[in-house]
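Asker: Take the given structure of chain H and dock chain A to it, following the hints.
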Amino acid sequence: MDEFPSPDEHLSRLMARAQQGDSNAYVNLLRAITPRIRQLVRARRGFLGESDVEDVVQEVLLSAHAVRATYDPTRPLMPWLSAIVRHRLADAGRQHVRQGAHEIGVDDLDVTFQAPPANSHEETFGDPDALAQAIQALPPGQRQAVELLKLRELSLKEASALTGMSIGALKVATHRAITSLRRALRASDDE
Amino acid sequence: MKTDELIDRLGRDVTVAQPLPAPGIRTAMWTVWAVSLLLVAAVMMFAVMSSAAVTLTPLYLVQQSVALVTGIMAARAALASVIPGSNKRVWVLPAIGAAVWGVSLLWAGVLDLQASGTLGVTSQSDWPCVVSMAVGGLVVGSPLIWMLQRGAPLTPGLTAFLAALAALSFANIEACLTRPHAFALTVFLWHGGMVTAVAAICALTGHRWLRWPDLTTR
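From first to last, the protein sequence lines are chains H and A.
First residue of the first sequence? That's 1 in the numbering used here, and the numbers climb one at a time after it.
First residue of the second sequence? That's 1001 in the numbering used here, and the numbers climb one at a time after it.
With the rest of the complex left out, here is chain A:
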């Protein structure tokens, strides 16, 4: 087909395509959804067990806050990555958030070592959190995937990685709320490992579920 014929055909087929809201607004919409789920999880947790079960130390609050900010920044970066010509600097912010989150957990591990004389690596496995994060991440992340699929899959691997980081950051908070941990290094290894593994899998498979739309079906 000649290019002129294609142009004529595209012109004939054109329909209303409302511009997507800016990535910041879409991030806010998704954050409302994710925070709502977190609140539901928190309310359920306090209804089932004593609030004293969670020790709200400053470091614990820092960890959860940083995870929250990392999740929001990752969602913002993912949603910006499907807009052609958007600013790439936002991609760096979630990496900084994740680094701070990791450092805060390691620091908490050092404090655990000073207080208890052990890092607690072998004393507590965390399979329930892995399951909880997988389910939570899927519930929190599904609308994000849908939102991303409405954009342009310019960098599907990176976009999928950021989306996984966003969803699992929130799922990590939910898991920390519903299942208190005795040692910070348990969270670092199990939660951090889960986030890293799932984000890596998403990065490798992103091109399968973030594809250029099939024009003939639009």
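Here chain H stands alone, though its shape is the one from the complex:
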């Protein structure tokens, strides 16, 4: 074994250890490759803003993590990683085009509907205390989903990463929470 391996050999060794479940080696590897991924993304998508670049970087890290078993430790790491970056960028581009095809850009419009509630100058949210109480009364899973997705406005992926719940489970929990909240607030209005 070389005493001073080249940077790529060093990465390959870290990945080989990570495949054996070595957490420290894995964190070191991810910290080492993240700037390289960022550089690759910027080089191929120079028009992206910083937050978009970071989104793609995280997507690549998650993808590489999910398919780390496909890496052959006897081969260099960077071609393996670059292929993932290339394909994830292409996926992101396709997704962007698909979304763009279903979205219509709308300017900020000053005009509102004629109905009085639409022309209120104050934003009213009903009874905030009742809402807070209703949220507290939710089962823990539903409450967590509402807090993360609706109050902190995290994305489904971020909330999933934080809680360990699957995206599907988060969607179900949110849907049930909203139904329960609607029912609870309607009941408090009736009282």
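Calculated from the structure, these hints are not laboratory results.
Some clues are possibly wrong.
Stated by the list, open to error - Below, computed lysine-lysine pairings styled on DSS-like, alpha-carbon distance capped at 25 angstroms: (1) H/K150 with A/K1088; (2) H/K171 with A/K1088; (3) H/K171 with H/K150.
Claimed, not checked - Here are some chain H residues pointing at chain A (derived, C-beta under 8 angstroms): (4) S23; (5) A43; (6) G46.
Even for Gly, the Cβ is constructed at its ideal location relative to N, Cα and C.
Answerer: Just chain A, lined up with the frame of chain H:
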């Protein structure tokens, strides 16, 4: 979430992930499975009907051999396509195999025309082979799909196309063994049509069953 937080979380969650065997080895494993099924089909065929029912002409043997090689090459290409950074040249080999298979069938059709004075297109339909290939392809291809789903779905459409070509190449041999055909053009149109149609459907739907794994379930 910030990237550093994600890295810390991934580091905490990391578990042992044994590297997948090389695509060549995985291809060999799948080929053993597919050939075993072919042998079972051949033994059953010879147990049920006379071996004289199949005429083993050199051209027939070439067709089956090329179909076999095409199936193996397609499986090899499919399994390589789910490994990031793998050599893309292996994608070409199954296309060459399929082309040779088609040409050998067309040549056999010309020989049929010379011998019988007809191509036999309208004399024999081949629905039993379509059913046989569908069932055989599913049985042969299911383990391949499972193996592909353990890789990275970089090119799901192409991977699915190659997997279908691999499975149906073997299913085609099984169908040719169990149901002899009087005319080569029947095989070209019905078997070739079946392979083309299913491979095209798989290419269009590949992204539905070859997806990036849901990280939260791992």
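Asker: With 8 angstroms as the cut and Cβ atoms as the points, is H/G46 at the interface with chain A?
Answerer: Violated - the Cβ of H/G46 stays beyond 8 angstroms from chain A, reaching only about 19 angstroms at its closest.
Asker: Do the numbers back the hint for H/S23, that is, is its least Cβ distance to chain A under 8 angstroms?
Answerer: 5 angstroms, holds
Asker: Tell me if the straight-line CA distance from H/K171 to H/K150 falls inside 25 angstroms.
Answerer: 12 angstroms, holds
Asker: Assess, step by step, whether the Cα of H/K171 is no farther than 25 angstroms from the Cα of A/K1088, and give holds or violated.
Answerer: Violated, because 39 angstroms separates the two Cα atoms, which is more than 25 angstroms.
Asker: Close enough to count: is the Cβ of H/A43 nearer than 8 angstroms to one in chain A?
Answerer: Nearest chain A Cβ about 18 angstroms off; hint violated.
Asker: Is it true that the CA of H/K150 sits at most 25 angstroms from the CA of A/K1088?
Answerer: Violated. H/K150 to A/K1088 sits at ~45 angstroms, over the 25 angstroms cutoff.
Checked against the numbered hints given earlier, this structure breaks hints 1, 2, 5 and 6; the rest are met.
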